[in-house]
Amino acid sequence: MITKTGNTQPKAKLSGRYLLLLVALSYALLYCYYPDKTLQALLKSLSTLLHLLPVFLAVIVLMGIFTALMNAKKVSKLLGKQSGLRGWLIALIGGILSHGSSYIWYQMLVDLRKQKVSDGLIVTFLYTRAIKLPWLPLMVSYFGYAFTVILMFYIIIGALAQGLIVEKLSSQN
Amino acid sequence: MQLSTFILAFYKSVKGFALNLPMLTGIILLTGLFEVFITPEMLSSLFSGRPFYDTLIGTISGGISVGQPFVSYLIGGELLDNDMSYYAVTAFILSWVTLGIVQLPYEYSLFGGRFTLIRNLLAFIFVLLISFATVQTLQLQA
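Those sequence lines, one after another, are chains D and E. According to the working numbering, the first sequence holds residues 1 to 173 in order. According to the working numbering, the second sequence holds residues 1 to 142 in order.
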């Protein structure tokens with residue numbers, strides 16, 4: 001497919017067919033030896049899927065709005081290599097506020113990456129997802145305030161450091 | 001902004017997700033298997049009481065585990081009750097949410113090998129560094 005800018009895009013194709021087949025075979029094999037546990041695993045997966053459905057929908061809507069409102073130039077200005085402090089802040093806050101498993105966000109991040117969002121910001125976004133706001137009260141009850149605050153602080157520092165390392169590696173490449 | 005632009009944008013995002021459905025389904029099914037077959041008891045039994053070894057084990061076992069973060073707090077709390085070091089427990093709960101062995105194939109298929117390798121390697125190293133820094137700061141504060 002040739003785009004307006006003359007770039008050649010590979011044809012989109014289904015990803016993960018072989019993985020799905022392999023996992024299905026694993027289920028079939030495990031069912032022969034541990035039928036109860038395998039059914040339990042299947043039910044757990046279904047429950048995970050149901051739990052994730054609202055987040056999937058939210059991500060699809062976010063991606064749609066993003067695609068409609070932002071062109072590559074705008075995205076690049078906000079989150080590209082020249083975005084500066086604003087870009088890092090967006091990545092940090094976005095990572096902290098984003099909900100659900102990381103892999104749900106991968107497709108959106110890949111789309112942003114195609115629009116020249118730097119790998120450093122993506123790495124920072126993914127690492128700050130370690131801060132799980134809804135679970136913080138529980139963490140405090142298990143490990144105390146001091147531990148929770150210190151750990152959160154170092155996660156933010158670590159996320160920024162990793163982002164900067166990736167930026168450095170990308171610029172060397 | 002025209003309505004058709006929005007419709008086209010949503011069509012694109014739905015299509016992007018649809019193309020990844022087999023991979024996502026595979027990963028979700030895999031998490032079910034891991035949750036049932038790798039039990040908290042199995043994970044707890046891996047720890048030995050030696051701080052450095054336990055920190056490494058904490059990082060690796062947290063990385064292969066899947067589930068809601070509160071499960072890692074439950075196991076972490078249990079480990080602390082059994083006199084396990086804070087280094088190991090911090091590494092365990094941090095790698096639970098930052099490393100994901102199960103989702104590696106998906107990450108690789110979307111971002112490519114170089115990105116996946118560097119990101120996960122950095123995440124692994126930083127679990128160790130952050131665990132060390134957190135416990136040291138906690139001790140200074142106490």
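Treat the hints with care, since some could be wrong.
Said to hold, decoys possible - A partial selection of chain D residues facing chain E, derived with a Cβ cut-off under 7 Å:
#1 G16
#2 R17
#3 V23
#4 H51
#5 P54
#6 R86
#7 L89
#8 L138
#9 M139
#10 T148
Unchecked claim - Simulated pairs of lysine to aspartate or glutamate, EDC-like, Cα-Cα distance not exceeding 16 Å:
#11 K12(E) x E167(D)
#12 K37(D) x E35(E)
#13 K15(E) x E167(D)
#14 K116(D) x E167(D)
#15 K44(D) x E35(E)
Hints in this document: simulated from the structure, not taken from any laboratory. The C-beta atom is built at its ideal place from N, Cα and C for all residues, glycine as well.
Hints, one by one, checked against the model:
| no. | hint | result |
| --- | --- | --- |
| 1 | G16 | holds (2 Å) |
| 2 | R17 | holds (5 Å) |
| 3 | V23 | holds (5 Å) |
| 4 | H51 | violated (9 Å) |
| 5 | P54 | violated (14 Å) |
| 6 | R86 | violated (23 Å) |
| 7 | L89 | violated (20 Å) |
| 8 | L138 | holds (5 Å) |
| 9 | M139 | holds (6 Å) |
| 10 | T148 | violated (10 Å) |
| 11 | K12(E) x E167(D) | violated (29 Å) |
| 12 | K37(D) x E35(E) | holds (10 Å) |
| 13 | K15(E) x E167(D) | violated (30 Å) |
| 14 | K116(D) x E167(D) | holds (13 Å) |
| 15 | K44(D) x E35(E) | holds (8 Å) |
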